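In case you want the letters, here they are:
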Amino acid sequence: MSFNAVTSSFKVTRRRRAPLAETLQVGALAGFAAIGFALIGAYVAMDKRHVVEDTLTLSQIAFALMAIAAGYVAGRDRQGRPSGTRVVVHGAVAGLMAGLCVSALLLLMGSISLRATLVAASPMLIKALSLGAPIGSLQALVQLPALGALLGVIGGLFAAMPSRYRRALTYGFAAVLIAGLFRDVFVSVLENLPDLNGPDWEVFGPGGLNRGAALVLLVAGGLFCLLRDRWNARIDPARRARSSKAGLVLLLVGVLVLPLVTNDFVAQVAMLVALYMLMGMGLNIELGLAGLVDLGFVAFFAVGAYTVALMCSSGPLAVADVSFWVALPVAVVLAAGAGMLFGLPVLRVRGDYLAMATLGLGEIIRVLVLSDALAPYLGGSQGIIEIDHPRIFGISLQSPAALYYLALALAGVVAFISWRLQHARIGRAWLAMREDEDVAQALGIDPVASKLLAYTIGAAFAGAAGAVFAALVGSVYPHSFQLLVSINVLAILVIGGLGSLPGVLVGAIVLIGLPELLREFGEFRYLFYGIALVAMMHVRAEGLWPATTQTKENARA
Amino acid sequence: MPDVLPPNRLPDGLLLDRPLPIPSRAPLLDVRGLKKAFGGMIAIQNVDLSIAEGSVHAIIGPNGAGKTTAFNCITAFVPPTAGRIFLGGERIDGLPAHVVARHGVARTYQNVRLFPNMTALENVLVGQHRRLHATFWEAILGSGRFRREEAEARARAMEYLAFVGIPQRAGDLARHMPYGDQRRLEIARALVAGPRILMLDEPAAGMNPAEGRALVELIERIRADLGVTVVLIEHHMRVVMAVAERITVFNRGAILTEGTPGEIQADERVIEAYLGRRSGQVAAAASPEPQRQMEAGIA
Numbered sequence: 001m002s003f004n005a006v007t008s009s010f011k012v013t014r015r016r017r018a019p020l021a022e023t024l025q026v027g028a029l030a031g032f033a034a035i036g037f038a039l040i041g042a043y044v045a046m047d048k049r050h051v052v053e054d055t056l057t058l059s060q061i062a063f064a065l066m067a068i069a070a071g072y073v074a075g076r077d078r079q080g081r082p083s084g085t086r087v088v089v090h091g092a093v094a095g096l097m098a099g100l101c102v103s104a105l106l107l108l109m110g111s112i113s114l115r116a117t118l119v120a121a122s123p124m125l126i127k128a129l130s131l132g133a134p135i136g137s138l139q140a141l142v143q144l145p146a147l148g149a150l151l152g153v154i155g156g157l158f159a160a161m162p163s164r165y166r167r168a169l170t171y172g173f174a175a176v177l178i179a180g181l182f183r184d185v186f187v188s189v190l191e192n193l194p195d196l197n198g199p200d201w202e203v204f205g206p207g208g209l210n211r212g213a214a215l216v217l218l219v220a221g222g223l224f225c226l227l228r229d230r231w232n233a234r235i236d237p238a239r240r241a242r243s244s245k246a247g248l249v250l251l252l253v254g255v256l257v258l259p260l261v262t263n264d265f266v267a268q269v270a271m272l273v274a275l276y277m278l279m280g281m282g283l284n285i286e287l288g289l290a291g292l293v294d295l296g297f298v299a300f301f302a303v304g305a306y307t308v309a310l311m312c313s314s315g316p317l318a319v320a321d322v323s324f325w326v327a328l329p330v331a332v333v334l335a336a337g338a339g340m341l342f343g344l345p346v347l348r349v350r351g352d353y354l355a356m357a358t359l360g361l362g363e364i365i366r367v368l369v370l371s372d373a374l375a376p377y378l379g380g381s382q383g384i385i386e387i388d389h390p391r392i393f394g395i396s397l398q399s400p401a402a403l404y405y406l407a408l409a410l411a412g413v414v415a416f417i418s419w420r421l422q423h424a425r426i427g428r429a430w431l432a433m434r435e436d437e438d439v440a441q442a443l444g445i446d447p448v449a450s451k452l453l454a455y456t457i458g459a460a461f462a463g464a465a466g467a468v469f470a471a472l473v474g475s476v477y478p479h480s481f482q483l484l485v486s487i488n489v490l491a492i493l494v495i496g497g498l499g500s501l502p503g504v505l506v507g508a509i510v511l512i513g514l515p516e517l518l519r520e521f522g523e524f525r526y527l528f529y530g531i532a533l534v535a536m537m538h539v540r541a542e543g544l545w546p547a548t549t550q551t552k553e554n555a556r557a
Numbered sequence: 001m002p003d004v005l006p007p008n009r010l011p012d013g014l015l016l017d018r019p020l021p022i023p024s025r026a027p028l029l030d031v032r033g034l035k036k037a038f039g040g041m042i043a044i045q046n047v048d049l050s051i052a053e054g055s056v057h058a059i060i061g062p063n064g065a066g067k068t069t070a071f072n073c074i075t076a077f078v079p080p081t082a083g084r085i086f087l088g089g090e091r092i093d094g095l096p097a098h099v100v101a102r103h104g105v106a107r108t109y110q111n112v113r114l115f116p117n118m119t120a121l122e123n124v125l126v127g128q129h130r131r132l133h134a135t136f137w138e139a140i141l142g143s144g145r146f147r148r149e150e151a152e153a154r155a156r157a158m159e160y161l162a163f164v165g166i167p168q169r170a171g172d173l174a175r176h177m178p179y180g181d182q183r184r185l186e187i188a189r190a191l192v193a194g195p196r197i198l199m200l201d202e203p204a205a206g207m208n209p210a211e212g213r214a215l216v217e218l219i220e221r222i223r224a225d226l227g228v229t230v231v232l233i234e235h236h237m238r239v240v241m242a243v244a245e246r247i248t249v250f251n252r253g254a255i256l257t258e259g260t261p262g263e264i265q266a267d268e269r270v271i272e273a274y275l276g277r278r279s280g281q282v283a284a285a286a287s288p289e290p291q292r293q294m295e296a297g298i299a
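So the protein sequences, as listed, match chains P and E.
Each residue of the first sequence is one higher than the one before, counting from 1 in my numbering.
Each residue of the second sequence is one higher than the one before, counting from 1 in my numbering.
Just so you know, the hints here were simulated from the structure itself, not pulled from any lab data.
Certain hints may be false.
[Said to hold, decoys possible] Quick partial rundown of chain E residues pointing at chain P, CB under 8 Å, derived from the structure:
1) Thr75
2) Phe77
3) Ile92
4) Leu95
5) Ala97
6) Arg130
7) Gly142
8) Gly144
9) Arg145
10) Gln168
[To be verified] Using C-beta positions, here's what the derived DEER-type ranges look like:
11) E:Thr135 / P:Val367: 21 to 31 Å
12) P:Trp325 / E:Gly171: 54 to 64 Å
13) E:Thr135 / P:Ile364: 38 to 48 Å
Note that the coordinates shown come from a computational prediction; the quantities given were computed from them, not determined experimentally.
The beta-carbon is built from N, C-alpha and C at its ideal position, and this holds for glycine as well.
Whole structure, please, built from the sequences with the hints as guidance.
Next up, the structure:
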């Protein structure tokens, strides 16, 4: 998400006032955001995380971004264009205002104890906000507004510079931030690679990037952006479309080699992403193509998982002890059967009502599994354990990387099937139904039959995902099949772009992979996640990787 | 069969896969005693319609006369309250809309209803749904038959886009097309499945005189080249008089009269229905029977 896009939402709500009052208001807004950020405890939590070793912590970056954003907004005139002195003066005033707000907080925390009501207003926060100056000193109070003003001017200048430089800077900065934030992933990759840099020069320190490396990345990111812009300007749109295809290939290659070059933790996260991708592609048939909102999707996932559990477990509840490869097709068929069975009563309902009906179905399965009546067969809340790992050519697939490839291979098969169906008669019928059901029917499309097919295929894919899930975890419990799973899959589709297969991949990485990798931030990640989702729906409602017809058309417009 | 067709329009016979019907005067579409009530409100009543095969038949009447309701009943958009509908002697009322469509009834809509986020080509491909037969598995495996059928479907779609005059729009999203082209696309989508009867709901709405003339020419080609019977609801009298062989006039949920364009133009009651009653006495004397029907219709 570009910096520009975030701040543009300020512009919309800005009311017409005297310029200075407006600037002060923007500054105060940024200041209050910063105070809120500090008082919920996010500042202290994220202050431990160094993006650039011993230089910049994540929370300092967050604060700096708020001041820069204030300067950026204040630096532009009513038409949203930057103008002369305004950039410097108003940028500085907005930044100063933001800094004053934080200073006021510091002063308040120094004089009275807020801890009784606000747990996060701790001595640690005071210490962190003093930025190394003696606590309670004048320096500690003054340096924040001064820093704010400086950053505000930077924000103003940022608004004033030509857009390609602005973009280049954003790229460079994003490169540093991503490298610093996902240090562990990159370190694990670098450890597995032959030491190219020589023994003396390390890219990463124990907490984040080293200073030299950060500088190199900043410059490299900026240069990459500038060069790419120049390259794009010179070549025609057809070749640019090909370069987007190249992006997809690059992504796929990255997905293929990732677990080989990283550690088990990253491979495990990748496996989870692949699993959600599998489910996402199932729901993509239902929701993305046929437009069926399904909140009970997890039910089919559960059917697949329990089928494999019952057939492959060596525990007491097993009904058979066959290999995973025998159980997988059975799981898929049973899930598809469940989809068809459930589809018959609910698919005559439309829109919101369908969402409610499927929500009920999803819960029915979970409650059934938990019930005492079925406990002797399905283990109730104890679940089923000791599920054998799949074997291939006599080798047991146990490592996260091996299971990742299993999930990925299935996801590939499913993606291929989805892609083929999407471009066939039935896929077009689904799309038509999503667009206008009545008209589709008047063209000879049987609405119930085609919806039922979409529902069945979606359920089959979810069943495959469930089967892999059971095999890789080695046990199934009812609590793994919560409503939240359905909602997550739905969110993946919306974030990635409805009806878009690469969108499912991107959505799963962003929505499932990133939160796992950012576990150290605990609950805060969900807070920022929520904010990011809201912002994203404003800025890019069609998804991160929208379906092709739309992009094709947008490129032309 | 292709020897009876103008070669420049039908290069390889893709457009048409059945012989042109011999123009006969037997009714293709026969509607008997059609009635539709929405709750207590009777929208249409006692509607008898007989559409001859190979003809162009217009339905006119003031707003709210029940013309579109009649269309909706025939295409099973809404179930009729009473009455029977026959297509080529087969009864089609009570069938679901997609089955009626498979019998060969195609339509367009008063307010254009395309698939807005699909391209023109994709819209026409959807229109071919009922003439494609590759199975689910063939599609997944990409069998030869599937690929052949897809290629044919695309070629046919392009031909129909050319037939209605918008071949250059194939790759455009429907929602980005100009209004007139959207109307043409809707006609192409309806025609591509090879219907026996095409029902156009106000095709000339919002068109200027030049576009209206082009539409008249298109409708004539639909009938002459494709052998499709056309029923149209239309307010543009210039279009109606130019294209229709017979005209049925609706008023207040019932049929006021039916006849050739010449007869309709001369009919006092039609003018009155459009312009309002000049004097109750005259109207009642001139047409006791429709008057009674009209009153029953609004009761």
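Okay, the hints, checked on the actual structure:
| no. | hint | result |
| --- | --- | --- |
| 1 | Thr75 | 6 Å, holds |
| 2 | Phe77 | 7 Å, holds |
| 3 | Ile92 | 13 Å, violated |
| 4 | Leu95 | 12 Å, violated |
| 5 | Ala97 | 4 Å, holds |
| 6 | Arg130 | 4 Å, holds |
| 7 | Gly142 | 6 Å, holds |
| 8 | Gly144 | 14 Å, violated |
| 9 | Arg145 | 12 Å, violated |
| 10 | Gln168 | 13 Å, violated |
| 11 | E:Thr135 / P:Val367: 21 to 31 Å | 38 Å, violated |
| 12 | P:Trp325 / E:Gly171: 54 to 64 Å | 44 Å, violated |
| 13 | E:Thr135 / P:Ile364: 38 to 48 Å | 33 Å, violated |
Hint compliance for this structure: hints 3, 4, 8, 9, 10, 11, 12, 13 are broken, all remaining hints hold.
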